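Those protein sequences? They're chains A and B, same order as listed. With the first letter of the first sequence counted as 1, position 13 gets the number 13 in our numbering; the numbers rise by one all the way through. With the first letter of the second sequence counted as 1, position 246 gets the number 246 in our numbering; the numbers rise by one all the way through.
Worth flagging that the hints you see were computed from the coordinates, not collected in a lab. For clarity, every value in this text was computed on a predicted model and none was experimentally measured. Idealized CB from N, CA, C, for every residue including glycine. Any given hint might turn out to be false.
Cross-link-like lysine to aspartate or glutamate pairs, in silico, EDC-like; alpha carbons within 16 angstroms at most [unchecked claim]:
no., chain 1, residue 1, chain 2, residue 2
1, B, Lys-84, A, Glu-22
2, A, Lys-69, A, Glu-22
3, A, Lys-72, B, Asp-348
If you only want the chain A side, here are some residues facing chain B, beta carbon under 8 angstroms, derived [claimed, not checked]:
no., residue
4, Val-23
5, Pro-26
6, Gly-33
7, Phe-42
8, Thr-57
9, Thr-58
10, Pro-62
11, Ser-66
12, Pro-96
13, Ala-105
14, Leu-107
15, Arg-109
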Amino acid sequence: MTETYEIPTVSMVSRVRAALHEVIDPELGVNIGDLGLIYAVFVDDDTNDVTVRMTLTTPGCPMSDSIQKGVKFRLSMIEGIGEVTIDLVFDPRWNPGKMSERCKAKLWR
Amino acid sequence: MMPGMGMAQKSSTDVRLPLAFVVSGLVAFLLAQSILLSQTSALASHVFRIPTVWMAAHFLLLGFVIMIVMGAMYQLVPVAFLVKVWSQKFGVIQYAVTVIGIILFSLLLGFAPAQAYVGAVVIVIGILMFLFQMFLTIKTQENKTMITTFVLGALISLFFAIIAGFFLAWNIGFGEILAHQPLFMSHLLFGLAGWFTLLIFGFSYQLIPMFSLSHGFSMKGAKPAFILYVFGLVTLILSFWSGASILKIIGFALLFVGFSAFFVDVRDILKNRMRRKLDKPLSFSVLAVALGYSIHFIAFAFAVFNVTDVAAWSWLVFVFIFCWIIFSILGYLCKIVPFLWWTHKYSDQMGQPNVPTLAQLVPEKIVRVLYIVFLISLAGLLVGAIFSNFIMLLIFQILLLVNSIVYVGVIIRIFRL
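Starting from the given sequences, assemble the full structure and let the hints guide the process.
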């Protein structure tokens with residue numbers, strides 16, 4: 001007898017988070033997810049509109065515009081996604097403790 | 001909306017303006033060195049104050065250093081201070097006036113020094129336009145920081161440097177203003193130490209942590225560094241005009257102690273970095289900090305031991321210009337140009353596959369060799385100068401020029417990627 005499994009639907013939040021791991025900081029060469037720049041992802045269940053609350057390593061980051069464009073572009077490729085809004089915040093400020101261990105190891109190589 | 005939202009978005013600058021300054025600066029860099037190469041015999045005799053060397057020095061300091069710094073500031077001030085450049089159009093006019101002024105002034109200094117004041121008028125207008133642009137831009141910054149203080153101090157020094165420089169040019173033309181020597185010394189001090197050192201102090205507090213990903217460092221040396229350095233400048237100006245040698249010692253001591261406070265902070269920034277390996281351009285700029293610190297100590301020692309030999313001071317100024325000012329620029333330029341070009345070409349493609357990182361725009365291995373050769377060239381020139389050896393000076397001037405040509409080629413190559 002063959003067992004059947006129902007393929008779970010991957011939530012929009014998970015898909016957004018996974019996609020954000022493909023946006024690379026052009027100066028550091030690591031993805032913004034591992035870098036700890038993403039604070040929260042909010043999805044409207046009815047419209048699939050997404051708000052990404054994120055930060056930058058410093059408020060005067062010269063890559064600010066580019067990173068935000070990269071986030072919007074990558075998320076727009078997700079099937080069924082609604083409008084993408086970026087909520088750029090500097091409170092709380094980013095600190096190295098927000099980086100993943102993988103990211104720390106890569107930068108300290 | 002949380003605080004900070006959208007602040008960085010309004011900081012974007014049209015990259016064409018800073019790039020125009022950078023490309024003009026690179027042309028002047030090669031031109032200045034070619035002229036200096038033709039004056040090797042004068043340098044071997046420690047003769048610096050002749051029209052052709054003045055021309056080379058001004059192509060180097062105005063054409064290269066000031067143009068690059070202006071271009072960098074058009075890019076850095078908006079991103080570091082989260083403001084918009086007051087007027088891009090005014091910036092384009094300022095660029096044109098400054099370029100014309102630099103070419104006219106430098107050529108007149110070399111071929112018709114008595115008429116150099118004509119070029120000086122144009123260049124003063126160009127620099128005043130830049131100062132006007134920067135003051136109006138920085139004025140809009142919401143929260144002023146120590147970096148703002150350093151930059152404002154640097155801009156005020158630049159103002160005094162050009163005023164003193166204008167009177168010098170007037171002196172050469174008409175000889176109507178006395179005190180040529182104190183004016184000359186004031187011009188050098190404000191132009192080299194005040195303008196550039198304060199500026200690099202300020203931007204280092206932004207750039208070194210940003211590129212090394214440093215956090216939790218102390219900036220407690222910033223305020224003392226600024227106050228001591230400015231007091232050092234003022235004391236030295238007083239010593240030039242009064243002739244009091246004790247003021248000269250105190251002035252150089254204050255500059256050195258001020259630099260020490262900054263140096264301690266740089267060490268702390270690097271100690272708290274998250275990137276273990278600094279890339280070569282940043283390493284070279286950090287090395288320039290160490291060299292600048294050493295040169296400040298030597299200047300202080302010269303003052304203490306009352307070194308009056310003009311050749312010794314002239315070569316110290318030469319080393320200050322190259323090892324502190326120009327090396328800092330050569331390091332940061334390999335960070336700033338890739339950023340400008342990347343923003344221009346790839347910013348809209350971010351998030352797509354095959355978009356290069358900034359580091360991929362700079363051939364790290366070649367750049368490493370270039371930086372080493374810059375160091376060797378300067379060391380060779382210094383040894384040649386100590387022994388007044390024409391052949392050594394010629395060989396290392398040629399090496400420096402060839403290396404600079406390759407360096408400029410590496411920068412230009414970025415625009416093709």
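Going through the hints against the structure:
Between Lys-84 (chain B) and Glu-22 (chain A), the direct Cα distance comes to roughly 30 angstroms. Violation of the 16 angstroms bound is thereby established for this hinted pair. Taking the CA atoms of Lys-69 (chain A) and Glu-22 (chain A), the gap is near 13 angstroms; set against the 16 angstroms cutoff, the hint holds. Of the pairs offered as hints, the one joining Lys-72 (chain A) and Asp-348 (chain B) holds, with about 10 angstroms between alpha carbons and a cut-off of 16 angstroms not exceeded. For Val-23 (chain A), the suggested interface contact is upheld, since its CB lies about 5 angstroms from the closest CB of chain B, less than 8 angstroms.
Hint on Pro-26 (chain A) holds. Least Cβ distance to chain B is approximately 5 angstroms, under the 8 angstroms limit. Look at Gly-33 (chain A): its Cβ only gets to about 13 angstroms from chain B, farther than 8 angstroms, so that hint breaks. Annotation: Phe-42 (chain A) was flagged as interfacial toward chain B, and the flag is violated, the nearest CB pair being 13 angstroms apart, outside 8 angstroms. For Thr-57 (chain A), the shortest C-beta to C-beta distance to chain B is roughly 7 angstroms, which falls under 8 angstroms, so the interface hint holds.
Using the Cβ-Cβ criterion of 8 angstroms, the hint placing Thr-58 (chain A) at the interface with chain B is satisfied: the shortest such distance is roughly 6 angstroms. The closest approach between the C-beta of Pro-62 (chain A) and any C-beta of chain B is roughly 4 angstroms, which is under the 8 angstroms cut-off, so the hint is satisfied. Hint on Ser-66 (chain A) holds. Least Cβ distance to chain B is approximately 4 angstroms, under the 8 angstroms limit. Evaluation of the Pro-96 (chain A) hint against chain B yields a held restraint, the C-beta minimum of about 5 angstroms falling below 8 angstroms.
Restraint check, Ala-105 (chain A) versus chain B: the minimum CB separation of about 10 angstroms is more than 8 angstroms; hint violated. Below 8 angstroms, beta-carbon pairs count as interface contacts, and Leu-107 (chain A) has one with chain B at about 5 angstroms; its hint therefore holds. This hint holds: Arg-109 (chain A) has a C-beta 7 angstroms from the nearest C-beta of chain B, less than the 8 angstroms allowed.
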